[in-house]
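J.: Here is what each chain is made of, one letter per residue.
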Amino acid sequence: MTDIDAVWERTCKVFPILKKTLSETSVGNEDIEHVIRELSALGLCESVYESAFIEFDFILRQQIVPRFWKHFESVPDPDTGFYNFQLAVHELYSDFSRAQEVLRRLTLFRQVCRLKNQEKVAKSEEATFDELFRSVLLSQLAANFNDIVYAFYKVSFRIFANSYDNNDQDEFAEDMIELNCNGCGKETERCRCQELVCAFNTTNKHLYKMHLLDKLAGYTLTNLIQERITAHVEETCKGVFDASHIKNLQKWLDTIVINWLTRIFNRGSSKISEGDGYTHNVIENFRIKLSYFLYETYAKLIIDQFFNIIIDFPDSQLAIDDLKVCLEKIDLRKHLIKTLKQSLEARLLHPGVNTMDILTGYVAAIKAIRHLDPSGVLLETTTEPIKEYLRKRSDTVRCVITGLTEEGPTDLAEELAKSETLKENVDVKGKDEMLNWEVWNPDPIDASPVPRPKRTSRSADIISMVVDIYGSKELFVNEYRNLLADRLLVQLDFNPEKEIRNLELLKLRFGDSLLHSCEVMLKDISDSKRINSHIQSDLNYSNGKAFPISSLILSSQFWPAFNKETLELPDEIQDEFKKYTTSYEAYKGNRTLVWRPVTGRVVLEIELAGRTLEMTVNPTQAAIIHYFQERNEWALEELSGLLKIPPSILRKRISFWQTQGLIKERDTDIYTLIDEMEQSQVDPSQSQEICEEDESESAMASASDQREEELQVFWSYIVGMLTNLDSMPIERIHQMLKMFASHGSGVEFTQEELKNFLQRKVREYKLIYNGGVYHLPK
Amino acid sequence: MKVKIKSWMGVATWRWIANDENCGICRMSFENCCPECSLPGDDCPLVWGACSHCFHMHCIVKWLNSQPNSQQCPMCRQNWKFNIQ
Numbered sequence: 001m002t003d004i005d006a007v008w009e010r011t012c013k014v015f016p017i018l019k020k021t022l023s024e025t026s027v028g029n030e031d032i033e034h035v036i037r038e039l040s041a042l043g044l045c046e047s048v049y050e051s052a053f054i055e056f057d058f059i060l061r062q063q064i065v066p067r068f069w070k071h072f073e074s075v076p077d078p079d080t081g082f083y084n085f086q087l088a089v090h091e092l093y094s095d096f097s098r099a100q101e102v103l104r105r106l107t108l109f110r111q112v113c114r115l116k117n118q119e120k121v122a123k124s125e126e127a128t129f130d131e132l133f134r135s136v137l138l139s140q141l142a143a144n145f146n147d148i149v150y151a152f153y154k155v156s157f158r159i160f161a162n163s164y165d166n167n168d169q170d171e172f173a174e175d176m177i178e179l180n181c182n183g184c185g186k187e188t189e190r191c192r193c194q195e196l197v198c199a200f201n202t203t204n205k206h207l208y209k210m211h212l213l214d215k216l217a218g219y220t221l222t223n224l225i226q227e228r229i230t231a232h233v234e235e236t237c238k239g240v241f242d243a244s245h246i247k248n249l250q251k252w253l254d255t256i257v258i259n260w261l262t263r264i265f266n267r268g269s270s271k272i273s274e275g276d277g278y279t280h281n282v283i284e285n286f287r288i289k290l291s292y293f294l295y296e297t298y299a300k301l302i303i304d305q306f307f308n309i310i311i312d313f314p315d316s317q318l319a320i321d322d323l324k325v326c327l328e329k330i331d332l333r334k335h336l337i338k339t340l341k342q343s344l345e346a347r348l349l350h351p352g353v354n355t356m357d358i359l360t361g362y363v364a365a366i367k368a369i370r371h372l373d374p375s376g377v378l379l380e381t382t383t384e385p386i387k388e389y390l391r392k393r394s395d396t397v398r399c400v401i402t403g404l405t406e407e408g409p410t411d412l413a414e415e416l417a418k419s420e421t422l423k424e425n426v427d428v429k430g431k432d433e434m435l436n437w438e439v440w441n442p443d444p445i446d447a448s449p450v451p452r453p454k455r456t457s458r459s460a461d462i463i464s465m466v467v468d469i470y471g472s473k474e475l476f477v478n479e480y481r482n483l484l485a486d487r488l489l490v491q492l493d494f495n496p497e498k499e500i501r502n503l504e505l506l507k508l509r510f511g512d513s514l515l516h517s518c519e520v521m522l523k524d525i526s527d528s529k530r531i532n533s534h535i536q537s538d539l540n541y542s543n544g545k546a547f548p549i550s551s552l553i554l555s556s557q558f559w560p561a562f563n564k565e566t567l568e569l570p571d572e573i574q575d576e577f578k579k580y581t582t583s584y585e586a587y588k589g590n591r592t593l594v595w596r597p598v599t600g601r602v603v604l605e606i607e608l609a610g611r612t613l614e615m616t617v618n619p620t621q622a623a624i625i626h627y628f629q630e631r632n633e634w635a636l637e638e639l640s641g642l643l644k645i646p647p648s649i650l651r652k653r654i655s656f657w658q659t660q661g662l663i664k665e666r667d668t669d670i671y672t673l674i675d676e677m678e679q680s681q682v683d684p685s686q687s688q689e690i691c692e693e694d695e696s697e698s699a700m701a702s703a704s705d706q707r708e709e710e711l712q713v714f715w716s717y718i719v720g721m722l723t724n725l726d727s728m729p730i731e732r733i734h735q736m737l738k739m740f741a742s743h744g745s746g747v748e749f750t751q752e753e754l755k756n757f758l759q760r761k762v763r764e765y766k767l768i769y770n771g772g773v774y775h776l777p778k
Numbered sequence: 001m002k003v004k005i006k007s008w009m010g011v012a013t014w015r016w017i018a019n020d021e022n023c024g025i026c027r028m029s030f031e032n033c034c035p036e037c038s039l040p041g042d043d044c045p046l047v048w049g050a051c052s053h054c055f056h057m058h059c060i061v062k063w064l065n066s067q068p069n070s071q072q073c074p075m076c077r078q079n080w081k082f083n084i085q
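Which chain is which? The protein sequence lines are U and W, in order. First residue of the first sequence: 1, per full-length UniProt numbering; consecutive thereafter. First residue of the second sequence: 1, per full-length UniProt numbering; consecutive thereafter.
To be clear, the hints were calculated from the coordinates, so they are not data collected in a lab. Ideal Cβ placement from N, Cα and C applies to all residues, glycine included. Do not take every clue at face value.
Cross-link-like lysine to aspartate or glutamate pairs, in silico, EDC-like; alpha carbons within 16 Å at most [to be verified]:
id	chain 1	residue 1	chain 2	residue 2
1	W	Lys4	U	Glu614
2	U	Lys300	U	Asp214
3	U	Lys761	U	Glu708
4	W	Lys6	U	Glu572
5	W	Lys4	U	Glu708
6	W	Lys2	U	Glu605
7	U	Lys498	U	Glu406
8	W	Lys4	U	Glu607
Sample of chain U residues at the chain W side, in silico, Cβ under 10 Å [what the hints assert, rightly or not]:
id	residue
9	Arg110
10	His516
11	Leu554
12	Ile606
Could you build the full structure based on these sequences and the hints that come with them?
T.: Next comes the structure, spelled out in structure tokens:
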């Protein structure tokens with residue numbers, strides 16, 4: 001017994017683990033061999049070997065691991081967290097290294113005894129222990145452990161990045177007087193960066209030796225770095241679109257982040273030794289993973305700000321170039337489309353935005369997105385909502401035309417000017433496509449699958465894109481014609497060279513035939529000048545005239561319909577026009593003039609109370625004041641009868657003279673000239689508030705009036721149909737008209753429009769609507 | 001008060017003095033031009049026949065050239081003669 005006890009004592013001395021302790025005992029190899037000999041004599045080798053591992057398991061479970069985790073039970077605060085972690089790792093490591101010594105002895109033990117445990121031969125003692133160690137450690141993982149690791153690495157990264165920055169800009173750093181160190185947050189004099197770095201390196205070395213670096217810190221490390229990357233990208237790139245960041249970001253990643261990681265994984269040194277394939281691989285993996293993350297973060301940042309990029313487009317080109325690079329590496333197409341659509345909708349497509357601004361945004365979006373994706377698929381998908389929205393706005397066409405013909409924020413005029421070279425380019429492009437067929441790519445899968453009639457429409461230029469909002473050129477041309485007519489007749493600020501140039505440019509784009517009438521309109525204006533000067537030189541006319549008349553002589557068929565305002569001029573004035581007409585008839589045989597008295601411009605000189613006023617007014621106003629010359633007081637009714645103007649409109653016209661302080665309304669509908677006595681008392685500024693905007697009124701019929709006029713064409717068809725078929729519902733009428741009548745004239749109309757038209761006819765007693773069908777009154 | 005008109009710029013449309021509105025051949029209004037032309041008025045004048053019918057000059061000339069034997073007014077079938085005024 002004593003013998004066995006003695007042997008056990010000696011065994012425990014060699015393997016203190018058997019007594020549930022890791023305390024070190026210094027024993028020489030000969031002691032170990034001695035114990036082994038004794039044990040093998042007793043045939044106990046195997047049991048001792050086995051029980052050593054059982055004890056390991058026990059100690060790990062009961063002592064080492066709980067002690068390690070105990071460090072993390074308290075709520076971590078950033079300052080102590082760092083040391084806490086360092087201390088814990090340090091303790092763990094000392095236990096670990098003591099265990100290593102025991103393992104070494106066990107290895108020796110096994111080799112000497114030649115134990116026949118076959119399954120363990122495959123694994124060394126270290127491997128078996130590692131397995132045990134890790135599984136026990138991780139099975140008791142503390143809940144807040146990741147936070148602590150995170151805090152630990154965060155401090156170190158800050159120090160590292162800071163020291164790197166300081167190296168970069170040494171001379172600046174010396175100039176700067178900083179109270180606190182950027183790295184450790186302590187006062188500069190008490191900076192502990194160096195100390196912290198040392199502690200950090202040792203801790204990492206320990207973790208690495210225990211093969212725990214990846215397991216314990218890998219996840220948190222990745223998280224931390226990703227967070228840092230996001231913060232860095234945001235810090236450097238947000239809101240800056242006129243510079244390319246991608247190279248700088250890549251450089252930042254390669255130097256600071258990767259260097260730091262190398263230090264962690266390579267035990268404190270930043271150079272990986274040649275033969276260390278493992279570390280090299282780990283770092284390389286990180287590099288790939290992180291650089292993708294960097295690109296993704298950067299691309300998302302750009303995408304989120306894409307609306308602003310669109311708005312400053314030509315300046316933000318570099319940001320778009322960056323995004324292009326990113327999109328090649330990472331597929332964010334769906335995200336891009338979704339975000340872009342949303343931001344466009346939120347920023348542009350609501351009632352608070354002017355149509356002109358939407359158009360400006362649309363044009364900028366076309367330019368920017370086309371720069372990003374020349375194939376046009378992206379553009380098509382993202383701008384569809386804008387088009388849809390613009391279609392619903394009634395003033396879109398007018399804004400486009402204004403944009404095309406006047407200098408404005410939309411650059412449309414500029415684009416139009418560019419189109420001179422358009423035709424040649426189209427040919428060149430076509431050739432290019434044939435030559436470069438090898439670089440052709442199919443459309444991305446999100447492209448609209450509908451085959452388009454013209455291949456060119458996707459790569460169409462900006463003007464076509466804008467005009468395409470409505471899908472019809474006619475509408476635009478009509479609106480252009482109306483605006484042109486207005487400019488020529490009412491605003492009279494006619495700049496022939498500019499108008500002709502504009503017209504030529506538009507013709508290049510829309511074709512001659514659609515713009516033919518505009519051409520005639522411009523020609524009418526220049527012809528009128530010639531005719532005028534001819535008539536002025538006609539002695540028969542110029543000798544008898546009371547005042548000089550000039551005229552714009554229009555080809556009625558080519559101008560848009562005029563509005564139906566009427567005016568009958570006083571006889572004396574009419575006589576003058578008759579003289580002019582006579583002279584015209586003499587000049588152009590077989591032709592005569594039909595005057596449109598409402599439109600025009602009159603320069604008057606009014607003598608009043610010793611002063612003279614010179615004014616430019618419209619003909620109606622001139623006629624009114626002319627009548628007041630004869631009599632000082634007029635009843636509205638009487639004047640309305642003479643001028644053939646409805647009283648309501650006449651009242652509006654008279655108000656012009658009221659604002660001028662010449663006429664007052666003495667009693668309801670009785671207007672008097674303010675006589676010379678009163679004249680001086682009236683302060684003209686008082687009545688200035690009722691100033692009316694006469695000049696802006698259009699001489700042309702409004703669009704809806706013109707529309708009605710067009711539908712009027714169908715009235716005879718409708719009467720014919722109803723005579724033959726007695727009664728019809730509106731769907732039927734619409735269908736029939738579409739089938740038979742609308743072919744030739746090219747007029748298209750919706751059922752809604754037809755309904756309005758028919759309802760008007762019902763009101764005029766020309767139709768009867770009964771039980772859902774229309775029929776003619778008997 | 002005395003009002004003196006210093007100048008008056010008026011707007012008028014021109015019209016042919018004819019007893020019809022449309023050209024009997026092309027059915028276009030006289031104030032419009034014939035299908036061959038693009039500018040109305042001086043560039044596409046009207047002509048009158050002795051029968052008092054009138055057409056776009058280009059229209060009636062084309063018509064007459066297409067009639068090999070007898071040259072008749074397309075409206076009244078009388079022999080066509082230009083009415084030189």
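J.: All the hints need checking, so say for each whether the structure fits it.
T.: Hint-by-hint comparison with the structure:
In summary, the hint linking W:Lys4 to U:Glu614 is supported, as the alpha carbons are separated by about 9 Å, within the 16 Å threshold. With a C-alpha separation of about 29 Å, the suggested pairing of U:Lys300 with U:Asp214 is violated against the 16 Å cut-off. Restraint check: the Cα-Cα separation between U:Lys761 and U:Glu708 comes to about 11 Å, which is no more than 16 Å; the hinted pair holds. Distance hint between W:Lys6 and U:Glu572 is fulfilled; the C-alpha atoms sit about 14 Å from each other, no more than 16 Å.
Of the pairs offered as hints, the one joining W:Lys4 and U:Glu708 is violated, with about 41 Å between alpha carbons and a cut-off of 16 Å exceeded. For the given pair, W:Lys2 sits about 8 Å from U:Glu605 by alpha-carbon distance, which is consistent with the 16 Å threshold. Only pairs whose Cα atoms come within 16 Å are accepted, and U:Lys498 paired with U:Glu406 is accepted, the gap being roughly 10 Å. Annotation: proposed proximity of W:Lys4 to U:Glu607 holds, straight-line Cα distance about 8 Å (limit 16 Å).
Hint status for U:Arg110: violated, given a least beta-carbon distance of 110 Å to chain W, over 10 Å. At about 6 Å, the closest approach between the beta carbon of U:His516 and any beta carbon in chain W falls short of 10 Å, and the interface hint on this residue holds. The beta carbon of U:Leu554 comes within 5 Å of a beta carbon in chain W, closer than 10 Å, and the hint placing it at the interface holds. Contact between U:Ile606 and chain W, as hinted, is supported at the beta carbon level, the nearest pair being about 5 Å apart and thus within 10 Å.
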